[in-house]
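Enquirer: Listed here are the chains, written in short residue letters.
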Amino acid sequence: MASDVPGTRKLGLVVPGLGHLAERQWIDGLALLSYLGILAWALLGGLGRFDALLFPPAEAGGFKIHPWVGVMSWVGWVALCWFMAWRYANPVVPHESDKSSNWKDFKKQFVKNRVGVFGMHLVGCLILLALVTPYVAPFDPDQIDVGGQRLAPQLGYLMGTDEFGRDVFSRVMYGARISLSIGFIAVSLSATIGTVVGAVAGYFGGAIDKALMWFVDLLLSMPRLVLLLAIVGFFRTSGAQSIFLIVVILGLTGWMGVSRIVRSQILSLKEQDFIQAGRALGLSNSRIIFKHLVPNALAPVIVYSSLAIGSTILVEAALSFLGLGVPPPTSTWGAIVNDGREYMRAAPWITISPGVMIVLAVMAFNLFGDGLRDAMDPKLRGR
Amino acid sequence: MFSYIVRKLLLAIPLLIGVITLIFGLIELSPGDATDRFFTPETPPEVRELIEQKWGLDKPAGHRYLLMIGNLVRGDFGRSIFQERPVFDIIFEALPNTILLSLVSLLIIQFVGITLGTIQAMRQYTPSDAGISVVSLFFYSMPRFWLALMLQLIFALMWPILPSSGMTDAVMHDYMTPFQQFLDYCKHLILPGCALGIASAAGIARYMRSSLLEVIRQDYIRTARAKGLSETTITVKHGMRNALLPIITILGLQLPFLFSGSVLVETIFAWPGMGRLIVEAIFTQDTPVIIGCFFVMTLLVVAGNLIADILYALVDPRIRYS
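So the protein sequences, as listed, match chains D and R.
Okay, so the first sequence: first residue is 1 according to the working numbering, each after it adds one.
Okay, so the second sequence: first residue is 1001 according to the working numbering, each after it adds one.
Excised from the complex, chain R in its bound form (with noise of 0.2 Å):
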């Protein structure tokens, strides 16, 4: 097991040189750099070339990419061009609030997902197990930036229950005890989270039903049923923990589409988290923070995976990496 972690996370370090290898070749392959915006066609060329001196970009692109590299090596991940400050800082500040936001969303994906899948599969072929699968159809069929804003729009605007954007109450947070600023970012996570979650907490149920069904068929399922168990027990104790086990790779797989999912959200949302902080980024063209972004999704990606991968060894004793 052990020797399978190490092994994966050597296999990561291509993968994460390729990621950024591919992405400093597109930004090369572009035209303009982030240093346009502080030019006019009036600017002395000396100026040009003193502020193009400043931020390397008088090097070969082949001397700034060793560079970068070697910097990335050393963990140190330049300046951002547009904030003129550390881009580690920028990105820590960042990345705790998207986890926060991931986090939400995935517990809201399984609840919800794990939930109606087993009630469909529970009751296949009723009216209800047809209505879940319309209504899990239709929200698995909408877009989550739209979905982002029809929240917006009936809890915030409406019906105004909950705050429409921002992480905290930009007034009052500073003045409430510890627990109402706790339920303070709790009422903030609510629409994000149903936002990002509810799209992949339906392709969740459609697996979730399919997979219980396959194990619902077997043997030991009919010997549980001949012991007299009740159709409950039988499919929450026996089905469930098997049903779940395909369950958690997919979990893991999601980590790419919520990233993906966090850029819309994240913007419709005003939260500041790495999808807000990465379109800014390529809006204004800063070249070190998007390859910092890059850097750091990747490495989130493949540890969601490897993470799956373990959790899918420990629950699955018939699993065995060597």
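Same shape as in the complex, but just chain D (with noise of 0.2 Å):
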């Protein structure tokens, strides 16, 4: 059984993605060597900053959670590539026995799909960069002058500085984490209420639905960055401007088109013999609902979604560039494209890094939405 599985694929216990590479399988070999590479990276930028980074001085600023974090992601990711790298040269031979299942199938599918999987790496390379910031990022975002104001990049600035002197690669990076982690944690947020709000429309229907999609229709019909633009500046003077109020309004804005999808998707789960049998049973609405329509119903969220995480960085970006994002000194994509825009001419390096991380990142969450959504929909697959 274990014989016809080539030996060269066991150099990926020795180096993950070796293995992978002397197969041909260029993406994943890749992928999981910029992993390593990346791991690398933020070991060797670490040495000697462990201490200062992990218990910094009282008059630093004392304990910050980011360094322990790094440390932990590090570890975990060393673990996962070489367990990538096992799982390689050990595969798994399916026992005849074993049902195909829709999420076995959709994985099949959505390996195939090569340009997906490239997206999720991508996704993943970002990620982990964001995880290992301190390490990797060699300086403070937030000092000021590290080696004088507006120098060009060079070895030791890779992007240059800032008009304050502040580096801007480890700006960019530090942007990263939250440009990320405000993308994820406001489509969590959207995707929940869309979902709500959808199965509640599309199951109960009448007037509930008739009121719920008006106001959906309403949402829908103001431009999202224009509304954006009057809640963050309306609440602005009261001192609220947080990355907190930033992602809560991100996400309370967002939510219109998951409700569609999912109302759609109940209207024609809801007739369905299963459903019939439930409400026989005399099971609760919302036992309905939630244990029995929502999780047939979540397959395209969660392609949406992933979808939705590209365009809400974007839209913080915008809402950063206008300097109604999360406020400073902390560093932003949005924000720094802002700070740089008085310097174009002199300095445009400062304009330009941010620029080219946050179209990186959404291309890359494109990419592998577009796979998830080609794997998902079986009348797309082919093209």
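Since the hints were made in silico from the structure, they are not lab data.
Predicted model, so just to flag it, every value in this text is computed and none were measured.
Take the hints with a grain of salt, since some may be wrong.
Unchecked claim - Partial pick of chain R residues on the chain D-facing surface, computed with a CB cut under 10 Å:
| no. | residue |
| --- | --- |
| 1 | Ile1013 |
| 2 | Ile1027 |
| 3 | Phe1138 |
| 4 | Phe1139 |
| 5 | Tyr1140 |
| 6 | Arg1144 |
| 7 | Leu1149 |
| 8 | Gln1181 |
| 9 | Ser1260 |
| 10 | Leu1264 |
| 11 | Ile1290 |
| 12 | Ile1307 |
| 13 | Ile1310 |
What the hints assert, rightly or not - Taking beta-carbon pairs under 8 Å as the criterion, some of the chain R residues facing chain D (in silico):
| no. | residue |
| --- | --- |
| 14 | Val1019 |
| 15 | Ile1023 |
| 16 | Phe1024 |
| 17 | Leu1026 |
| 18 | Leu1137 |
| 19 | Ser1141 |
| 20 | Ile1161 |
| 21 | Pro1163 |
| 22 | Ser1165 |
| 23 | Phe1295 |
| 24 | Met1297 |
| 25 | Thr1298 |
In this text, a Cβ means the ideal position worked out from N, Cα and C, and glycines have one as well.
Quick one: dock chain against chain with the hints and give me the complex.
Expert: And the structure:
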């Protein structure tokens, strides 16, 4: 059984990725090697600084959680790399009696689509970079005048320095952490709200459906960025402008698409026999909705959400660019672009580098989401 | 058809009232108001009262709400607290500029998007299909404000062939012949129009590709091929006609995105339109202008959807609204 697995795959146990490369699995192999590269970079970058980062002296602000999260994710990701290599060297041979489940079928379809897999690994690299940021970034993002003001990109200051002499590379790295987490949290919030609203509207129908969908239409008829600007602008003066406020507002203005998708799913699902059976058994409405209907309607929500993370990152960057996002000095991608705007002729690198990161991140989520969608929708297969 | 349009327009009324109510409620919930900037901590309370009385802010919220709705019904948008001018005048100075910019970028979106999508569908699975896919995904994932800045950097700062901002040449415009003035407008439109349109064009190219691919597999295309028509005639005359139908609806739905984008693009290119106006109004908490802008924007979005519906029925005789 195991004899027909080529021995070259075992190479991966030494350095994860080599096994894939030997089998010409370029995308997986190179992705694993990139993970290892980032991990090694974090290790080297952290050398000599671990003490200062993990146990900062009281005058530097005391205990911080990020370096600890960094260490833990470092260890976890190393384990993950070797696990993937080991899994590749010792593949699980499916037993003949195994039934093919939807999930397995979906996974098979997704892996076939190389572009989607590429997107997934790109997302993985970004998440890993964000997690180990304190060790990869050479400077504190707020440290002023690390080597001089508006230095051009060079060794040591990979993306140059800005008008206060802060290292742009470090700021972009820390910005990745903010932008990605805002994207994830806001989208989870809006997916939850959208699912509940869509399920309630679809299941109960009638006046409730009409009222909820009217409200959805109302919110959709306002340009999202303008609405966001208005809300943040109104509440800015109350001193509540913070990451928390931005996340909640992004979540509250992004759920309409999900609710429409879930509603249409529920409308077709609720006529099916298993729901009739549930009703005949006397199950409560909330039990039918959340235990039987919603789990069956969740797949398109996940696809939509992975695509929505990209657009949420874009909207957050736009807000920060207009100065209504996360307040300074916290570095976010949009805010760095805004910082560099005044010096665009003299120091274009301040504007260019965070923008490239935004494009990269949004592209990664779009590729990943497209891959998920193609794997989910049998109609699109083979296109 | 006519009754359909009337019904749609009637449905827009509660939508408009809903939008205005939501915005009014948000403004009421938020702390502070537009007159705050007139005060210092030393302002005598009598002066404060007088100023608040002047703008009607001493009345209870419910009263002001009803007053506002009543005025809006009569077409009175109130006076801007910041500019001390009627909101109606301010908005209708800015609106044509935004519509001009939106139309130009819609043209770019249509032309670039449909052309690229058609090329991709005709050459499915070739390197040019993949190449266009990658490039359009790249632009699709790009923030509009960053694209605008990069266009400004490349075509106005590093290689100055186009003006970097504004709608007309600040100095020379008044001394130009009408034709030169027209050219001046065009030159100033290119960069903002591209910044606003390119990202959406990339999206439209994706829709167009899949829409055309779907059409091309149908039987009547096979018939056309069997008749011996050239591949170009088949695609352009027979395929495109049907493939364009869903695109029309999508273009109608682009309007809110264009407004969102114009907020950024107009701010960057100093384009005197609605986007810049609303950003300024939000920063100065100029309530009447904010409400007026939302009113007009919602109206335009509803109108855009309606126009898309009507166009859809005009080009596709199978669609009948009743």
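Enquirer: A separate judgement is required for each hint: does it hold in the structure or not?
Expert: Each hint, compared with the structure:
With a cut of 10 Å, the hint placing Ile1013(R) at the interface with chain D is violated, because the nearest CB-to-CB distance is about 12 Å. Interface hint status for Ile1027(R): upheld, as the beta-carbon distance to the closest one in chain D is roughly 6 Å, under 10 Å. At a threshold of 10 Å, the smallest CB-CB gap from Phe1138(R) to chain D is about 7 Å, leaving the interface hint in force. Checking Phe1139(R) against chain D: minimum C-beta separation of about 9 Å stays under 10 Å; hint holds.
Because the closest C-beta pair between Tyr1140(R) and chain D is about 7 Å apart, less than 10 Å, the hint holds. Because the closest C-beta pair between Arg1144(R) and chain D is about 7 Å apart, less than 10 Å, the hint holds. With a cut of 10 Å, the hint placing Leu1149(R) at the interface with chain D holds, because the nearest CB-to-CB distance is about 6 Å. Taking 10 Å as the C-beta contact cut-off toward chain D, the hint placing Gln1181(R) at the interface is violated, the least distance being around 29 Å.
Of the supplied interface hints, the one on Ser1260(R) holds, with its beta-carbon coming within about 4 Å of a beta-carbon of chain D, less than 10 Å. At its closest, the beta carbon of Leu1264(R) sits 6 Å from a beta carbon of chain D; the interface hint therefore holds under the 10 Å criterion. Against a cut-off of 10 Å between C-beta atoms, the interface hint on Ile1290(R) holds, since the closest Cβ of chain D lies about 6 Å away. The beta carbon of Ile1307(R) comes no nearer than 14 Å to any beta carbon in chain D, farther than 10 Å, and the hint placing it at the interface is violated.
Taking 10 Å as the C-beta cut-off, the interface hint given for Ile1310(R) is violated, the closest approach to chain D being about 18 Å. A least Cβ separation of about 6 Å between Val1019(R) and chain D falls short of the 8 Å threshold, and the interface hint therefore holds. Annotation: interface hint on Ile1023(R) holds; nearest CB of chain D at approximately 7 Å, less than 8 Å. Hint status for Phe1024(R): violated, given a least beta-carbon distance of 11 Å to chain D, over 8 Å.
Because the smallest distance between the Cβ of Leu1026(R) and any Cβ of chain D comes to about 6 Å, under 8 Å, the interface hint for this residue holds. Because the closest C-beta pair between Leu1137(R) and chain D is about 6 Å apart, less than 8 Å, the hint holds. Hint on Ser1141(R) holds. Least Cβ distance to chain D is approximately 4 Å, under the 8 Å limit. The criterion of a C-beta within 8 Å of any C-beta in chain D is not met by Ile1161(R), whose closest approach is roughly 16 Å, and the hint is violated.
Interface hint status for Pro1163(R): violated, as the beta-carbon distance to the closest one in chain D is roughly 15 Å, over 8 Å. Because the smallest distance between the Cβ of Ser1165(R) and any Cβ of chain D comes to about 12 Å, over 8 Å, the interface hint for this residue is violated. A hinted interface residue such as Phe1295(R) counts as satisfied when its beta carbon comes closer than 8 Å to some beta carbon of chain D; here the least separation is about 11 Å, so the hint is violated. Against a cut-off of 8 Å between C-beta atoms, the interface hint on Met1297(R) holds, since the closest Cβ of chain D lies about 6 Å away.
Among the interface hints, the one on Thr1298(R) holds; its C-beta lies about 5 Å from the nearest C-beta in chain D, closer than the 8 Å criterion.
Checked against the numbered hints above, the structure violates hints 1, 8, 12, 13, 16, 20, 21, 22 and 23; every other hint is satisfied.
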